[in-house]
Structures are given as structure tokens and as C-alpha cells.
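Chains as they are written, first to last, in the working numbering: chain G, 48 to 369; chain A, 6 to 234; chain P, 439 to 934.
Simulated from the structure, these hints should not be mistaken for lab results.
C-beta atoms are modelled at their ideal positions from N, C-alpha and C, and glycine is treated no differently.
Among the clues, some could well be false.
[To be verified] Below, in silico cross-link-like pairs of lysine-lysine (PhoX-like), each with a Cα-Cα straight-line distance of 25 Å or less:
| id | chain 1 | residue 1 | chain 2 | residue 2 |
| --- | --- | --- | --- | --- |
| 1 | G | LYS142 | G | LYS169 |
| 2 | P | LYS472 | A | LYS122 |
| 3 | A | LYS52 | P | LYS668 |
| 4 | A | LYS52 | A | LYS122 |
| 5 | G | LYS209 | G | LYS237 |
| 6 | P | LYS769 | P | LYS849 |
| 7 | A | LYS129 | P | LYS472 |
| 8 | P | LYS849 | P | LYS772 |
| 9 | P | LYS472 | P | LYS668 |
| 10 | P | LYS668 | A | LYS122 |
| 11 | G | LYS189 | G | LYS118 |
| 12 | P | LYS472 | A | LYS52 |
| 13 | G | LYS142 | G | LYS189 |
| 14 | P | LYS506 | P | LYS518 |
| 15 | P | LYS453 | P | LYS751 |
[Said to hold, decoys possible] These stretches of chain P come out as covered by chain A in the derived footprint (C-beta under 8 Å, 3 or more residues):
| id | segment |
| --- | --- |
| 16 | 635-647 |
| 17 | 676-684 |
[Stated by the list, open to error] Output of the computed footprint for chain G on chain A, the stretches with three or more beta carbons under 8 Å from beta carbons of chain G:
| id | segment |
| --- | --- |
| 18 | 28-34 |
| 19 | 67-75 |
| 20 | 84-91 |
| 21 | 97-110 |
| 22 | 158-168 |
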Amino acid sequence: MELWLSMKKNQVDIPAFKRDYITMLNEDSKRRNPGIKRILPQALLWIAAAALVITLCPRIAAAQETAAFFKQNCASCHTIGGGRLTGPDLKDVTKRQDRAWLRDFIMNPQAKINAGDPYAVKLHEEARGVLMPSIPGMTAEKADFLLDLVEAESALPESQFKGLQISNEPFTPEDIQRGIALFTGHQRLKNGGPACISCHTIPGLGGLGGGQLGPDLTRVYERLQGRTARQCMALSPRHADHAVHSCAMPPLDPAEIHALVALFEDTAKNGRILPNVAVLNFSLLGLGGAVLVLVLFDLIWRARFRSVRRNLVQDNQLRGLP
Amino acid sequence: MSNYHDLLLFAVLPYLSVFVLLIVSIQRYRAQTFSFSSLSSQFLENKMHFWALVPFHYGILTVIAGHFVAFCVPRSILAWNSVPVRLYILEVSALIAGLLTLLGLIHMIARRATVSKIRTVTSKVDWVLFALLVVQIVTGILVAVLYPWGSSWYAATMTPYLWSLLQFNPDITYVSALPLMVKLHIVNAFIVVGLFPFTRLVHILVVPNPYLWRRTQVVRWYGEARRAG
Amino acid sequence: MNVRSQVSMVFHLDKCIGCHTCSLACKNIWTDRKGTEYMWWNNVETKPGTGYPALWEDQEKFRGGWEKKNGHIRLRSTGKARIVTNIFHNPHMPSMDDYYEPWTYDYQHLFNAPEGPDQPTAIPVSMVTGEYLNIESGPNWDDDLSGSPVYAENDPNLEGLSEEQRQQLFAIEQLVFFYFPRICNHCLNPACVASCPSGALYKRGEDGIVLLDQKRCRAWRSCVSACPYKKVFYNWFTGKSEKCILCYPRVETGQAPACFHSCVGRIRYLGVLLYDADRIEEVSNLPMEEMIEGQRSLILDPFDPHVIEEARKNGIHDSVIQSAQNSPVYKFVKVWRLALPPHIEYRTMPMLFYVPPLAPVMSTRQNEVLNSVSKDLFHDIDDARVPLKFLANLFGGGQEGKVVYALRKQKAVRWYRRALTVGDVDRETAERMLREADCTAEEAEMIYQLTSLCTFEQRFVIPPMYREEAIEAMRDPLEAKQGAGFGFLSGPRRGL
Chain G
48 MELWLSMKKN QVDIPAFKRD YITMLNEDSK RRNPGIKRIL PQALLWIAAA ALVITLCPRI
108 AAAQETAAFF KQNCASCHTI GGGRLTGPDL KDVTKRQDRA WLRDFIMNPQ AKINAGDPYA
168 VKLHEEARGV LMPSIPGMTA EKADFLLDLV EAESALPESQ FKGLQISNEP FTPEDIQRGI
228 ALFTGHQRLK NGGPACISCH TIPGLGGLGG GQLGPDLTRV YERLQGRTAR QCMALSPRHA
288 DHAVHSCAMP PLDPAEIHAL VALFEDTAKN GRILPNVAVL NFSLLGLGGA VLVLVLFDLI
348 WRARFRSVRR NLVQDNQLRG LP
Chain A
6 MSNYHDLLLF AVLPYLSVFV LLIVSIQRYR AQTFSFSSLS SQFLENKMHF WALVPFHYGI
66 LTVIAGHFVA FCVPRSILAW NSVPVRLYIL EVSALIAGLL TLLGLIHMIA RRATVSKIRT
126 VTSKVDWVLF ALLVVQIVTG ILVAVLYPWG SSWYAATMTP YLWSLLQFNP DITYVSALPL
186 MVKLHIVNAF IVVGLFPFTR LVHILVVPNP YLWRRTQVVR WYGEARRAG
Chain P
439 MNVRSQVSMV FHLDKCIGCH TCSLACKNIW TDRKGTEYMW WNNVETKPGT GYPALWEDQE
499 KFRGGWEKKN GHIRLRSTGK ARIVTNIFHN PHMPSMDDYY EPWTYDYQHL FNAPEGPDQP
559 TAIPVSMVTG EYLNIESGPN WDDDLSGSPV YAENDPNLEG LSEEQRQQLF AIEQLVFFYF
619 PRICNHCLNP ACVASCPSGA LYKRGEDGIV LLDQKRCRAW RSCVSACPYK KVFYNWFTGK
679 SEKCILCYPR VETGQAPACF HSCVGRIRYL GVLLYDADRI EEVSNLPMEE MIEGQRSLIL
739 DPFDPHVIEE ARKNGIHDSV IQSAQNSPVY KFVKVWRLAL PPHIEYRTMP MLFYVPPLAP
799 VMSTRQNEVL NSVSKDLFHD IDDARVPLKF LANLFGGGQE GKVVYALRKQ KAVRWYRRAL
859 TVGDVDRETA ERMLREADCT AEEAEMIYQL TSLCTFEQRF VIPPMYREEA IEAMRDPLEA
919 KQGAGFGFLS GPRRGL
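Extracted from the complex, chain G is given alone in its bound form (with noise of 0.2 Å):
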């Protein structure tokens, strides 16, 4: 690091000889600190510099392309052409509502439900009372392009946002099991991401639980009614019991939201809900461990250089005393 820091490697300008009798020269004892003051000047300027190129940098704030978004902000609640998720299927929505209201409802969901608008109450309703979210920095603009891209999407034969379909079939103990590898991370998802239970916690994990970031899946069944919770995992994990957190996970494969969902249905079946004391067992096996590496640290360097002339003086003035 030294070295890199330092570019010229030996200032050969000035024999090393001279260079230690000119700090000798020049150690001043008044207490000042203007090294901050020297720097200053020059840093400023070269901050100003760095702040307008990332301001200007085109590719920071650049607009999503609405596909992306699409993908991004509504296709965990919504497919085209692929049934209905948490939120209807959108194929030919513009055949159904006028476009105004439309691009109202996607800028301003609770507006339209609290302005009681009879349309908006039924869509409510049919979601069973989960409401939309307003996306952040949604403008009329973008959703008109939104609503253009869901018109020539519904146009296709197949849309790109079909949404995974995924078997109905019931589910055996094997699926359970699975469910559970899964879950705790014994059996790597397809896609690579971290296991349900980095953020995820249902009774009966034993240990430490599972992670507390995202909500708790115990009732997760009975909350999203078992199919839809599959048709949610479907597309992304992410929103979908609308905790609006987000997370990079891809989607899942189907064969796995089968075994994960019947995971769930056992666990609210037969799961009891436990006293949650993970947290607590966590934090005092931490502060455990801590005090333990201090006693440590204390044993390895207990040898370590405490007072020599103190000690001297005390134990011999006595001594020294008729």
C-alpha cells in the first residue's frame, strides 16, 4: 500500500541525508493542525469536478426501459394472457376500462378505492382486500407507456409475461421433505439464491430460527390461500405477501414452489407457533463468545508490558523503611 501510495519511489532530489536534519529544522511545537487546511482547497475542487460528472453521468438515472419495469414493479401480482395472481390478469385490460381511469388507478390505487369508485371496490374485493401498491415515481407518462406495452403484449399469441404455470397436483410427504431442504438451504435453489430461511423463519427450525428480514411464513399459507401463494412464488418471491422489500432472488422453479408450498400448508396444518427466543439466544451467545475472546486475548497476551518503575518504587520503598 506504502509503496503504491508514494508513485516516486526514492525523491533521489533530496539526499536522504539532508531530508531528516530539514525535519529536524522545521518541527514547530506550536499545536496546529492545518493539514485539513492545506488539503482543502484542492480537494474542494476536485469534489465539485467528481459531483458534476456523476450528475451528468446519463447512466445513473436512466429511465427504465417499461419492459424492465413491467418486469420489475408489477409482474409478481400480475400476468398477461397467464390467469390471475394477487392482482387480476391484465391481458386486454384496455378492452376492458377506459385508459383515463386506468392510468389514474396505476398512479393512485387507494384514491380510486377510498373515492369508493364501484370498478376499483370490485378489484379490491376480487384481490381480497390486498391493496396496490402506488409504485415510487410513477407519472402519467410512464403509465401510458405501461398501459401500451400491456396492449401490444396482449396482442401475442404468447406473452413474455405469462407467468410460470405450475401443477395442481396434491402434495405427498416427499413434497414436505423437499419443502424443508429447501427451505433451510440443505438443497441449493436452481436459481442460486439464498435459501428461504436467510430471511424467512416457520416454527420447528430448532436452533436459532430462521432470518427475521423478511416476514414471518408461519401463517403464509392460510394468508395467501395455498394456490395463489404458488402462483406468487411463481414469478419472484419478491411481494409476494406484498411486504414491500425487495430482494434479488430470480424465480423460482416450479418444482420447487410445489415442495415449498406444501412445506407451508404442513406447517399450518400442524405447526404450533413457538415462543420466539432466537433472537435473545442469539444475542447472548454473541456477547458469550465476546467475553470469552477478551478472556482469550487477556491469556495470550498476559505476558504484555504493564509497569516496570511503578512497581519498583512500590515494592521496595517498604522494604527500604526501618
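Starting from the known structure of chain G, fit chains A and P onto it as the hints suggest.
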């Protein structure tokens, strides 16, 4: 509105910080080499020093190494975490390191505040740095405790986010929806990076790695170099 | 053979009167800045005593110097592997408590004190914190055996002395001490240089002065613990270590270092030694009892044509070779074998040598009769009040032989001179003593000359510097006053 803030904090601030770090560090090294020092105060007080500096440095080095490894090889971390017991071992170890850092930092602050000799060599910048570090470490520990298991979800959020930063195509969607505590941890980290060259942290840039392979004795010649060891 | 030159030193302890003029000369020039108040690049210790910092010679506590493990030497304090684990807290570093907290006095109080029943006093004020201070220790706290039950009796060099010898040493009528002035030894195998992780410490190739590059020092503090003589000091304010520079700006301009120049007792000698750099490692690894002889064998004969030829090949200027031939140090160390390195067992190969003190004992008392001469002419050396073992621990690496040799020769020279000038000793006895002390009359004359009648030029044989190369020295120093100096873009300030 919040989107705008997120953009500022997670797409502009990181570049600004790293930029400041690079430019000011280099400039300071060139113009103020003398000021590059760990400014050790062990000489003035050496008992609390042990309980402050040793846990702090070992703790924070472990934690930083953990963040770095998780960034570089997220898949290996996930593979390790695939058995819950191993996940728990990793997480508890990380928490221990974090707590050691915090304990060390508390000692450091107590030492600077109470020992009068040490107070005379403590600058205002040191206190600013302490405040930032406290925020950083406390939020880190809270994230570990309140939002387990970070070693796994890091791979799905932070790793792609940091990569997007590295590729000059920042994608803030990975982080914009994370809990506030995590966001605070990230933003504060960028602030620390940005203020780095204005603080005593610059001693990290001059860690003495050449020592491990240089010859034992050093001889300098005045005139033309006659290297003979 | 790889010939190099080194500016080396000899301190003649019999001449030291313990006036501390050297210490003050040094302090006034170099260490009167903030952060350096506690540094005494030159200090004078009373022996027996614990020195500065207290008990510095106890390497079980201070872990300085080299130790031999598995046939090879390594640093006692900071091995290359351990540097990484110990860098956050140096487990062998003394703190300011082991030196002293520098202080001044609140003189204003003498003028401003309100009227009261007592005489106002100047209260001590810490130069670190600015707060009132309870003085616990100072740079020469055990000067002249003060507090000897605490300090002198715990001198690490008393190791190996019998209980009886110790009691004698500290019996009131027998009390004895001598002075031990110390500066950096500018070692051939410096532990401070070897321990510096940043490579800030270095030995100058041309004159062997060990310096510390202030711009490379990063305050890792290894040098402080590695130096067995505790002659590297940590500047707590700038966060850089500092050490004796042998006044190289003076040496380069042909002047003696300040402590040498100001020495009242004229105990100090400075001169060039030529040595063989290829054999340093080999000699550092020798068994302890061979080390003194080994170090002497490193020092080359400046009159040997082969050595001169090799020296020239290495770029050593003729003027330097000439200085080496006139060097008083060469005579004391190699020719007369009077001067011995301090604590050779630390294996740093110190290049500062001491002529051990022949605490003058003119006569001994036996059965109420004063004997000035006995059959065994050197009996008083063995019976000296400073036990030989003590001197051997200090200067002989525990071996008495070399110390006895130096003392006998010194005594023989004195008696020889007495025979010549006072006449109370007959010539024959004096010459017998010279023979027994491995000395000739000519040598005795030369020793006498260089010990007692030496001029400034004889004591300090400094090779002229190459002015054509020292460009900066020719500039007007006022040009750079208050400015950035020659090598700095800005002055050296403490970092943030």
C-alpha cells in the same frame, strides 16, 4: 421524493465518497506525508489501551473481512450456510466480532474522555470519527440481531448492489426497500469512506506490508546507490 | 570483504564527573520541542542504579535486543510474524510512567498568589496536560545513588554477585558509584532498524549513523521496545519516534557532536572505524563469550594495504581512510583493547565503547596498615569496591577477562607515569607492571597522551564532508525560515 433521496444516498454518495477518498488521500500523501501516522497514544497510557485497541482492531478487521468475502464469493458463503448449524456458527462468530469491536470502541471513547494525557492528543476530528464509528457499529450489530441472517441475504441484496456500483451502473432497487437500519448502516459506511482521508484513519493506507519481505537491516546511501544490504 | 566506515565513539568512564553538561547541550539543541520533553538522547546514569527508563537493562521486562534461538538470532520483542499480531498494542512498550511526566513550574503563582499566611510556591505543572502534577520521577532520579534501596540495589548488573558482595557494595563506608553517560550506540546490527515495520529507521551507508526518517515513521512503536538501550523515544505529540542523530549536521560540517563538544571531563572520543559489513551477521551469531573478540575482528586495520584497496573499491574517500588511521577510537578499541562495548550480549554490536572505570584505589587497608604496593601488584583490581562481576555484566558480556585486561593496563599506565613524574614507585616495578599488563612503555606513553593531554583535534577526528555534494548546506538558511524547508512542501505537522 424518497426515490430521489435513495438515488442521492445510494447512487451518488458512494461515488462521491470513493472519489474524495482517492483524491484527498493521494494529495495528502504527496503534500503532507509527515501527517501519515497511526498517532498511537499507547505511550501515554498502556493499560486501558490494551482493552480498547486489541478487541477493536481484531473485531473490526474480522467484520470488514467478512463483508469483503461475502461480496467476493457470495455463492461460497451460501453453500457454507446451506446447513443451518454452519449458518448459525458463521452468524454468531460475526456477532462476536461485532460486539468485540463495540466493546473496544467503548473503551477507546472512555479512555479518550477520562485520561487527561490522552485528551491532550485528541482532536475534534477524532470525536467526529468516534461518533460515526459508533453509529456504524451499533447499526451493524442491530442489523445482525434484528434482521438475521445477513450472511445469506447479503448475497441477494448487497452483493449485486455493490457490483452494480462497481460497474458504474448503480441499481438502487436492491437496497431502496431494505429496512431503515440497514440503509443507515450503508449510508454511514459511505460517509466514513468519504471522511477517511481527513482523519487518522489514513494509517490504514500505510499498513507496513513491505516489512514481511524486506531485508532485516536497512542501509541508505547518500550518493549514488551502492546496494549491499 | 565489504569495507564500510563508521563514525564511532569511546567514552572514558574514569574521567566522567557526572555533570550532565552533555545532556543539557543535547536537550537545548534537539529535544526542547513539544512531545520531546521527556527525551534524553544523551543522559548520564549513576551506576549502580536503574538508569533511564528505570530498569532498562532488564530485558525480561523490556524485551529489547536480539536473542539466540535454535542457533540463529532473532528480535526478542517483535519477530516478523508477531509484528502483525502485536501492531495494535505493543506488548513490550514502556509507557510515560516508566520514564517521567515532564513538568515545568507555575511561576506566575509566585507573583499572583493572593496574600496569605504562607510563602507562595511555584507549583509543578505537567508539560503534557498542563495540569498540576505530583512529581514521581525524573530523568536522573537516582543520581549519585539517591534512593539507593529502591534503585541502586535493583541494578540488573548486580546479578551474579554474592549476597556478601552486595551488602559490602551498599555498606555506608563502602558506598561506591561511577557515572555511565549514554547516547545511541549507532549499532552495527541495530535492533531498532530491524524491527521497524515501515522501514523508517536506517543506517547511513557512509558513516553508519542510525537515523529515523520522520516522513516514513508511522508510529508502530516497534523500535522503542526493540532497542535494548532504550534510546529510541516516541514523540507522543507528532506520533513519530525520534532518536540521537549523532549531531550529523555538525559532524558533516566537521564539528564534534554537541555532547562531545561540551564534555567538561573530556571523556569523549570520536573517530572513524573501518569494518567488514559482510561478517556482521556471522559475528552477531557467535556464542556470547566470543562476541567481544568477534566484534573487534570486524574492525579492520586502516593501515593494511589490502583493506585500503577494498575500501577504495567501495567508494570510501581517501580522507575518510586517513581519518580512520588517526582515529582515537581505533586505538582504544583495537590497538590498546581498553574500550569495551556496553552489554554486548544484546547482540546489536554497539559502536560506542567504554573504557571501564578504575575507581581509583591508591592503597588498601590491612590490619590498620595502609599498603600501597604489594607483591601482587594488581590485587586491588580484584578487591575493588566496584566488584569486577558488576563491571563484567556491564561491559564484558558477563566475562571478567576483558574487563580485567583493560583495568590492569590502565593501572599499569598510571604507575608507570607515577614512576616517571612522582617517583614514589621505582621504574623496575612500573615496568614489571607494564609487562604483566601486556603493555610497552611507548604504548603507555600514547595511552597517557590520549587520556590526559589530548587536544580537541586528537579527541575528535572527523572526516571532512564532501561539500560539493551538500548543495543544501550552501543555501542561506534564512531563505527557508518559517517556510516550507527544503524537502517539505509544508512543514511537519501532527496529523489529524
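Hint check results:
1. Restraint check for LYS142 of chain G and LYS169 of chain G: satisfied, since their Cα atoms lie roughly 17 Å apart, inside the 25 Å limit.
2. A distance of roughly 14 Å separates the Cα atoms of LYS472 of chain P and LYS122 of chain A; the hinted pair therefore holds under the 25 Å criterion.
3. Using a Cα cut-off of 25 Å, the hinted pair LYS52 of chain A and LYS668 of chain P holds, with the two alpha carbons roughly 20 Å apart.
4. Taking the CA atoms of LYS52 of chain A and LYS122 of chain A, the gap is about 13 Å. The hint holds against a cut of 25 Å.
5. Pair hint LYS209 of chain G plus LYS237 of chain G holds up; C-alpha atoms about 21 Å apart against a cutoff of 25 Å.
6. At roughly 18 Å between alpha-carbon atoms, LYS769 of chain P and LYS849 of chain P fall within 25 Å of each other, so this suggested pair holds.
7. For the proposed pair LYS129 of chain A and LYS472 of chain P, the alpha carbon gap of about 20 Å is at most 25 Å, so the pair holds.
8. Between the alpha carbons of LYS849 of chain P and LYS772 of chain P the distance comes to roughly 19 Å, so the proposed pair stays at or under 25 Å and holds.
9. The suggested pairing of LYS472 of chain P with LYS668 of chain P holds, with an alpha-carbon distance near 20 Å, which does not exceed 25 Å.
10. The hinted pair formed by LYS668 of chain P and LYS122 of chain A meets the criterion: a straight-line CA distance of about 22 Å does not exceed 25 Å.
11. The hinted pair formed by LYS189 of chain G and LYS118 of chain G meets the criterion: a straight-line CA distance of about 14 Å does not exceed 25 Å.
12. The hinted pair formed by LYS472 of chain P and LYS52 of chain A meets the criterion: a straight-line CA distance of about 24 Å does not exceed 25 Å.
13. Restraint check for LYS142 of chain G and LYS189 of chain G: the C-alpha separation of about 19 Å stays at or below 25 Å, so the hint holds.
14. Taking the CA atoms of LYS506 of chain P and LYS518 of chain P, the gap is near 15 Å; set against the 25 Å cutoff, the hint holds.
15. For the suggested pair LYS453 of chain P and LYS751 of chain P, the alpha carbons sit about 39 Å apart, so the restraint of at most 25 Å is broken.
16. Closer than 8 Å: that is the beta-carbon criterion, and the segment 635-647 of chain P has 9 residues meeting it against chain A, so the requirement of 3 holds.
17. Check on the segment 676-684 of chain P: 3 of its residues sit with their Cβ under 8 Å from a Cβ of chain A, so the three-residue criterion for coverage holds.
18. Here the segment 28-34 of chain A counts 7 residues with a CB under 8 Å from a CB of chain G, which clears the bar of 3, and the coverage holds.
19. For the segment 67-75 of chain A, the assignment as covered by chain G is violated, since 0 residues bring a beta-carbon within under 8 Å of that chain's beta-carbons and 3 are needed.
20. Restraint check on the segment 84-91 of chain A versus chain G: 6 residues with Cβ-Cβ distances below 8 Å, three needed, restraint holds.
21. Three residues within the 8 Å Cβ limit are the bar, and the segment 97-110 of chain A against chain G gives 8, so the coverage statement holds.
22. Counting residues of the segment 158-168 of chain A whose CB lies closer than 8 Å to any CB of chain G gives 5, which reaches the minimum of 3, so the coverage claim holds.
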